[in-house]
Amino acid sequence: MNTAGRFAKIVGRENSISDPAELRVYECDGLTGTRVRPALVVLPASTDEVSRCVKLAVELNMPIVPRGSGTGLSGGSLPIEGAVVIGLSRMRKILDVDLENRRMRVQPGVINLDVSKHLSPAGYYYAPDPSSQSVCSIGGNVAENSGGAHCLKYGFTLNHVLAVTMVLAGGEVVEIGSAAPDPLGYDLTSAVVGSEGLLGIVTEVVVRFLRKPQATRTVFATFPSTDEAGEAVSRIIAAGIVPAAIEMMDQLAIEAIVAATGVDWPLDVGAALLMDVDGITAEVEHCAKAAIALLRESGALEIRDPRDENERALMWKGRKGAFAAMGRISPNYYVQDGVIPRSEIAVVLREIAEVARSSGFRVANVFHAGDGNLHPLVLYDERVPGEAERAERAAAEILRICIRHGGSITGEHGVGADKAAYMGEVFSDDDLETMNYVRCAFDPGRTFNPTKVFPTPRLCGDRPGAYVPHSTEHAGTAGRG
Amino acid sequence: MILGVAATQVFSPASLDEASAVLTDLAAKKRTVTVVGGETALELGNAPSAVDAVVSTARLDRIVEYAPADQIVTVEAGIKLKNLQEQLLPNRQRLALDPPLPGRATLGGVIATNAYGPRRTRYGTVKDLIVGMTIVRPDGAIARGGGKVVKNVAGFDVPKLMVGSLGTLGMIATVTLRLHPLPDAERALLFTGCTAAEVHALVGDMIAAQLEPAVALAIGEGRKYMLCVRFEGFSAGVDAQVVALHAIAQRRGRHAEELSPLDWVPIDAAHDAARTSNALRVKISAPPSEFAHLHEHVVAPLAAQLGDARAAAYPSAGIAFVSGNPPDARVTETLAASRGLAESKGGTLVVTAAPAEIRAGIDVWGTPPAAYGLMRALKARFDPGRRFNPGRFVGGL
Numbered sequence: 001m002n003t004a005g006r007f008a009k010i011v012g013r014e015n016s017i018s019d020p021a022e023l024r025v026y027e028c029d030g031l032t033g034t035r036v037r038p039a040l041v042v043l044p045a046s047t048d049e050v051s052r053c054v055k056l057a058v059e060l061n062m063p064i065v066p067r068g069s070g071t072g073l074s075g076g077s078l079p080i081e082g083a084v085v086i087g088l089s090r091m092r093k094i095l096d097v098d099l100e101n102r103r104m105r106v107q108p109g110v111i112n113l114d115v116s117k118h119l120s121p122a123g124y125y126y127a128p129d130p131s132s133q134s135v136c137s138i139g140g141n142v143a144e145n146s147g148g149a150h151c152l153k154y155g156f157t158l159n160h161v162l163a164v165t166m167v168l169a170g171g172e173v174v175e176i177g178s179a180a181p182d183p184l185g186y187d188l189t190s191a192v193v194g195s196e197g198l199l200g201i202v203t204e205v206v207v208r209f210l211r212k213p214q215a216t217r218t219v220f221a222t223f224p225s226t227d228e229a230g231e232a233v234s235r236i237i238a239a240g241i242v243p244a245a246i247e248m249m250d251q252l253a254i255e256a257i258v259a260a261t262g263v264d265w266p267l268d269v270g271a272a273l274l275m276d277v278d279g280i281t282a283e284v285e286h287c288a289k290a291a292i293a294l295l296r297e298s299g300a301l302e303i304r305d306p307r308d309e310n311e312r313a314l315m316w317k318g319r320k321g322a323f324a325a326m327g328r329i330s331p332n333y334y335v336q337d338g339v340i341p342r343s344e345i346a347v348v349l350r351e352i353a354e355v356a357r358s359s360g361f362r363v364a365n366v367f368h369a370g371d372g373n374l375h376p377l378v379l380y381d382e383r384v385p386g387e388a389e390r391a392e393r394a395a396a397e398i399l400r401i402c403i404r405h406g407g408s409i410t411g412e413h414g415v416g417a418d419k420a421a422y423m424g425e426v427f428s429d430d431d432l433e434t435m436n437y438v439r440c441a442f443d444p445g446r447t448f449n450p451t452k453v454f455p456t457p458r459l460c461g462d463r464p465g466a467y468v469p470h471s472t473e474h475a476g477t478a479g480r481g
Numbered sequence: 001m002i003l004g005v006a007a008t009q010v011f012s013p014a015s016l017d018e019a020s021a022v023l024t025d026l027a028a029k030k031r032t033v034t035v036v037g038g039e040t041a042l043e044l045g046n047a048p049s050a051v052d053a054v055v056s057t058a059r060l061d062r063i064v065e066y067a068p069a070d071q072i073v074t075v076e077a078g079i080k081l082k083n084l085q086e087q088l089l090p091n092r093q094r095l096a097l098d099p100p101l102p103g104r105a106t107l108g109g110v111i112a113t114n115a116y117g118p119r120r121t122r123y124g125t126v127k128d129l130i131v132g133m134t135i136v137r138p139d140g141a142i143a144r145g146g147g148k149v150v151k152n153v154a155g156f157d158v159p160k161l162m163v164g165s166l167g168t169l170g171m172i173a174t175v176t177l178r179l180h181p182l183p184d185a186e187r188a189l190l191f192t193g194c195t196a197a198e199v200h201a202l203v204g205d206m207i208a209a210q211l212e213p214a215v216a217l218a219i220g221e222g223r224k225y226m227l228c229v230r231f232e233g234f235s236a237g238v239d240a241q242v243v244a245l246h247a248i249a250q251r252r253g254r255h256a257e258e259l260s261p262l263d264w265v266p267i268d269a270a271h272d273a274a275r276t277s278n279a280l281r282v283k284i285s286a287p288p289s290e291f292a293h294l295h296e297h298v299v300a301p302l303a304a305q306l307g308d309a310r311a312a313a314y315p316s317a318g319i320a321f322v323s324g325n326p327p328d329a330r331v332t333e334t335l336a337a338s339r340g341l342a343e344s345k346g347g348t349l350v351v352t353a354a355p356a357e358i359r360a361g362i363d364v365w366g367t368p369p370a371a372y373g374l375m376r377a378l379k380a381r382f383d384p385g386r387r388f389n390p391g392r393f394v395g396g397l
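So the protein sequences, as listed, match chains V and H.
Per my numbering, the very first residue in the first sequence carries number 1; after that it's consecutive.
Per my numbering, the very first residue in the second sequence carries number 1; after that it's consecutive.
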């Protein structure tokens, strides 16, 4: 029996995909510029099927690439040549909701927004809200430690995941963490969340959820330039206000969003802020009033309060649809995900503008200003020979600006295939070796996502922890095309 | 002396490089090592099988970098929590963490033991505040994880793995933390004479009313509890929540008394006593819904057997502490039965301090978790020679 046939015996013929035409869908994730055809895609429906698929892949010496909804922006689900992609999209059941303890157990394919929708009638919600929340999966969120606009106040996926069920490289199924507080031993949940599919396959997730706040107020403000907008952010934070979210968009981003979504934002401004404050009604009123005063003092041109929930939702739809909106002003765009100390936003944006000038590319900025997580979008046209490569170089330059300012190469999109080469610029060999200890404890054979995250191939070695270079190893099977 | 095991050498490195040099040398000599901070949790864990050298963070007590505008601070692991808070005060900022004994507890120790206090109700644990960390590995190498920006997913989160690892994976050397603004206003209400079920109901009512208490702390008084609720924030929100809680009290036919800041002192003292005084101390965790059940079948029977028994709980988090002086080792049976009950609810019962005769009859941690095999594998990677606090942690890790 051929390989596809053996997997089909586990997951059913219709869920074992080996036809080249059908495989096309799985050749990339949200990092669309890079495509690799996997040997096979399987779509298991249960923990047991995942376990059997993992065992078979190991027996056949095939690397495994886990995949959720395929919305990741760093190539975490980018296939590897010869690999089997294990897609979790059929595992989308909400297994258990414990309202009293505010936690629920879900399968990894459950869509992020569906968790909150499910909880909404009872008055609860799930806090992490990546912009892709209407399509991205909880399993993918766990792999990437996804953030979102509101993680400024409420934290990242890591702060909301209590336990996972995980299939390890030997096919064994293990419970990690606990729905009860303070589980014994090492906090392995913290190792698993954000591990980008290198440690195993998560097949169930216990998340905690929150009571909806009494009130939420949204404020939209425009500014002559990003300098004043950055100043406003600093003043609001310095006043002791903790906004639930505070997002910035520059002129080019506003232009794209207006073109794509029809929001009636002015086009003749240099920057806009979109801010949420939530919590106790009286506190929200106080904070909104204080923040509006600070926005004015910082030089806001116009300040808008949405008239109703519809207008509020539209404003946020505009912000969350910003990446997709770029399609209205550019054939292609390259998303960057650098982080800088919040106080340096204005300086860094000027340096990014300089990169745009010298490289000749337009760069739109739409980002989480409250935590300094920038998303510069380098706009280019892949039909022009060499432009994609040059755009990527411009994006790399932007990332190095973030590194120089003491920041990070990724705030929420992950390292994946896209940023692995930069890891050596922010971490020493000892730092990376220590991270590799974690990987080797879980997956000594490097079965899962073997070419991702680490800049150079690292084996686990016979002596625990030792780094043994391997001459046949080569990084990055993927090219850009 | 660590749990009765005497060390022959003590080192107090004064810099990261010195710490690395000391640990590199100890690695070459294959010496066993215990890292100590403020020595407030020396009784936690099983006795290590050997301690050749104690490495103290006492001289690593500086603030390395403080960026008030970014609400970020980087400190050496030996800095005392109280000292840190005092240095943040001029900028009206704080580390939102309030474990007992802040004048002695070091940040490194707080992380290694996952120490927290009543503000866990709102702010979570130190894991929620760590942004980056530098450790010295058992082999002496310096390794950094995370960074100095709040949002960062580059690389595996080794810093958070150190939380609660009790010095078994290496030495915490410096840590970067997220800070919070000091609240403008703070008010507290007290309910007295509550049954455990009433405590649970009041906490449930607060959640239903969308209140956001910074602290919900239950202090044992005989078989009942007093429940202390604190609100923090801008005064408009704090005042509104106080009004709302009075309304909840009225609906329950109860009266809540407002506490002045002076009144908080004895409550904090009672909390600290349940956590830090007496010869036997226990921490129980369980889903919050089990609070009344655990009170009846675990906390109350245990307290009844102890002299000077004290209890404190964070009912919304699902955590309870009991301390007291056992008349003899027979309490071991009660501990074992209580642990069985807590574990059957998915929780834990950890003996955080106990006389030797009780330790002899019970594992202080409890049943190793399902992922114990992975934990052993992790320990083997970080500390292949099993030299750091050998045997002290869960399941002899």
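Don't read these hints as lab results, they were simulated from the structure.
From the three backbone atoms N, C-alpha and C, an ideal C-beta is built for every residue, glycine too.
Errors might be hidden in some of the hints.
Claimed, not checked - Keeping only pairs whose Cα atoms sit at most 27 Å apart, straight-line, the calculated DSSO-like set for lysine-lysine is:
1) K283(H) with K93(V)
2) K153(V) with K212(V)
3) K9(V) with K55(V)
4) K317(V) with K289(V)
5) K224(H) with K283(H)
6) K153(V) with K224(H)
To be verified - Among the chain H residues that face chain V by a calculated CB cut under 10 Å, a handful are:
7) L341
8) A342
9) A370
Hint by hint, here is what the structure shows:
Restraint check: the Cα-Cα separation between K283(H) and K93(V) comes to about 35 Å, which exceeds 27 Å; the hinted pair is violated. The straight-line distance between the Cα atoms of K153(V) and K212(V) is roughly 14 Å, inside the 27 Å bound, and the hint therefore holds. For the suggested pair K9(V) and K55(V), the alpha carbons sit about 13 Å apart, so the restraint of at most 27 Å is met. Distance check on the hinted pair: K317(V) and K289(V) sit about 24 Å apart at the alpha-carbon level, within 27 Å; holds.
Of the supplied pair hints, the one linking K224(H) and K283(H) holds, its CA atoms being roughly 18 Å apart against a limit of 27 Å. A C-alpha spacing of about 36 Å is found between K153(V) and K224(H), which places the hinted pair above 27 Å, so the restraint is violated. Given the 10 Å rule on beta carbons, the hint for L341(H) is violated: about 13 Å separates it from the nearest Cβ of chain V. Contact between A342(H) and chain V, as hinted, is supported at the beta carbon level, the nearest pair being about 8 Å apart and thus within 10 Å.
For A370(H), the interface hint holds, the least distance from its beta-carbon to any beta-carbon of chain V being 4 Å, beneath 10 Å.
Of the numbered hints given earlier, the model fails hints 1, 6 and 7; all others are met.
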